[in-house]
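Following the hints, position chain H against chain L.
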Amino acid sequence: MASEVKAIQKVDEDLPLKDQVLATLRAKIGAIEKVGKLGGAVSTTPLALTPDLDAILPDGGLARGALHEVVGPPGAQGAAAGFAAALMGLAAKDISDSGGGVVLWCRRHYDGQENGELYGPGLAAFGLGPERLLEVRAGRDHDILWALEEGLQSTALCAVLGEVSDLSFTASRRLQLAAEARGVPALVLRHNSQSHAVSAAQTRWKVTPATNVTAGYDMRWKLNLLRCRGATADSQLEDWQVEWRDGRLHDSRNRIRTAPRRFTVAAEAGQRSRYPTEPGLAV
Amino acid sequence: MAVVMASHGGIRLAAVNPAAATAGLEPGLTLAAARAVLPGLETVEADPHRDAETLSRIADWCGRYTPWTSPEPLGLSVNGAANGSGVWLDITGCAHLFDGEGALLKDLLRNIKRQGFHARVALADTPGAAWALARFGVSKKPGEPEIVTPGGHRLALKVLPVAALRLATTVVDGLDRLGLRRIGDLYDLPRAPLVARFGQDLALRLDQALGRVAEPVSPRSSITPYRVRLSFPEAIGHLDDVAAGLHRLLDRLRQRLADERLGLRRAELTLYRVDGGVARAVVGTSRPVRDVAHIARLFADRLDKLDLGFGVEVMTIAAPVVEAMDATQVNLSHDLAADEQTAQLGPLIDRLEMRLGRGSVVRLESRASHVPERAGLAVSALDNRADLRHGQDMAPALDHQTTDGRPMPAAPGGARPLRLFPQPQVIDAMAEVPDGPPVMFRWRRLLHKVIHAEGPERIAPEWWRDTAPPGEDRSHLTRDYYRIEDTDGHRFWLYREGLYDLPTMPGAVPPPPRVPRWFLHGVFA
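Protein chains in written order, with our numbering: chain L, 1 to 283; chain H, 1001 to 1525.
If you're looking for bench data, these hints aren't it; they were derived computationally from the structure.
Incorrect hints may appear among the rest.
[Unchecked claim] Partial chain H-side listing against chain L, Cβ under 7 Å, derived:
#, residue
1, Q1344
2, L1356
3, R1416
For glycine and all other residues, C-beta sits at the position ideal for the given N, C-alpha and C.
One chain only, chain L, in its complex shape (with noise of 0.2 Å):
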């Protein structure tokens, strides 16, 4: 056995060199191949969160080619929607090393008269500029399930997310498949619901807002992470903090809290529309 090994690596190196030009090109003919399939610039490596969770992970981060579902407790709309954006903000960016990274943002159309508009220059914080998001305006859940699936099907994508009340079994089963054969995530996003219910995703995470925020504008979330496939079992006892900051997420557990205060006093009137970036700098 071993002699093989041996007799094999030294084949590999008396390869003459026409050889190794004929296996660089065919890699590189393979990656061009590949385009049409799986648009390109699409990897396989997980999507990396931060050190503690990616240890957690089963893949080492954020499967790619998966269903997550992010659910909030009703009222925390702001964290589980910060979170989602914070997910869709490393997809988008990962690929646009490479040119554009799009993702879509599905939502109901009177979401935004019930709970805010999509805000462009809050998306623009988590990398979602405007050449980078999409967002599309449904009628119904169904429509929305409907549209993630269309775009998983777009070869123009790198990332999905879908706003909806509720997520059947089938239709979670659906869009799994349909994000494993694409090999792009599929995100869904669920206020006020039922955090048990049965799905296929591989992920799902519970965000809620950190409290005693210190100031500064770093997005601090608790995340727990109530299912994922393939984790054992003590991962899912564990609550995590992480926050965004420098377009990427931190890990904060060990970070000191500060005293809770009640407000930063105003600025000099000439910097009123600049804020303090540590807290100790308050006049």
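Frame of chain L; chain H shown alone:
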């Protein structure tokens, strides 16, 4: 049987069927008189509106022979409804598709008879001559189409009664009294006395029939030069077959468009059914396309909603809106994947809009404005010229790079909320000091206790945009924004409307104290 219509002087016959006609009844007779002749006469109330509808449906159906069809305006049948209303067909350049004019007309007659209509068909060089021949022509056999050889209409019209010239009854009666009963009698008469006596109309109609004056027929639907047609030897009733036919048609259309370097923005599919019905489907695209698979896919959703009836005989596809579309050079650089992706985005947007409605796919554009609701703007993803359309009304779109290539600085004041309410939500807020941040507020019946607040960020209205007269107090439009965190950790964007302490001139009467109003404008991530 007769169709009756109430008119002045009682109920009169509007139209009669052949049996009634042989009994001596004719339109215009009062019902009482008709009953006296034929006591067992069955009558039906006339319904001009539905007649017109049926006529335009027939005109639609005739679109299988030529795109240029037009139902005759009802006002034209001046000689009474007995002559019936008709449909114009301009078959210039279409006859060869049916093996000649005779075969086309025979096919038309056979098909329209199958639908239960009695029709007379005539073909001539001018619409006027065709009109006359269809109604007054004496063909060898009943049910045979009248065809006038090119240039032969003068001869053909000669023997027809003057009523065939589409003249008012009074004119016809007047001519009759003069002994002018045939059109041929009018050919050699001097014009001036005729016009003086019977009006311009007579001369015009005569000239129109003889082709001395052009008489344009305006088509029912706009005519597009990009139209392909497929007829089946036997009616097809399966959606799969229709889809297959669609592919063949689109392929032919694509070749034509490609030859002229055009792409279509709209495509109309028309199915002509065996039973005379017409089913249509229209799709639009975001940019010029001629990709068969993409257009077929847009139609796929529409096809199952189409009523195929007992089968489809003919289908056509027209591209009423086309735009220039050059062949694209495939980029040989490493950015192949990116190109591919951008190319796929258009079709995706088309499909989404097709099903979810226009304007359902939007891009969130950024604008250079301090006012939050102006800074973010949703524009239709289909409309790549939104900026131009709104003109100077809108702030310029923010480029994400400055002119020297550096990324744009972040929004003034730092973070902006993830979600913004289109209408700021009124809240009850309580503040410790009048111009300080709130300590608690009630929104949607829930009490939120504020544990952390940052601000204010003062945003004044854009005076250069405001239309209020100069000098008017607009301080109440100024907003003081606060970032708020409540005890549960939810983060909100609140603002207080108006300035608290207005500087008053010494000696002036201080304005009455205003009750500040608080609003919730956004939710942070």
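Right, here's what the structure says about each hint:
Here the hint on Q1344 of chain H is kept, as its CB sits about 4 Å from the closest CB of chain L, short of 7 Å. Because the closest C-beta pair between L1356 of chain H and chain L is about 5 Å apart, less than 7 Å, the hint holds. Against a cut-off of 7 Å between C-beta atoms, the interface hint on R1416 of chain H holds, since the closest Cβ of chain L lies about 4 Å away.
Of the hints listed earlier, there is not a single one the structure fails to meet.
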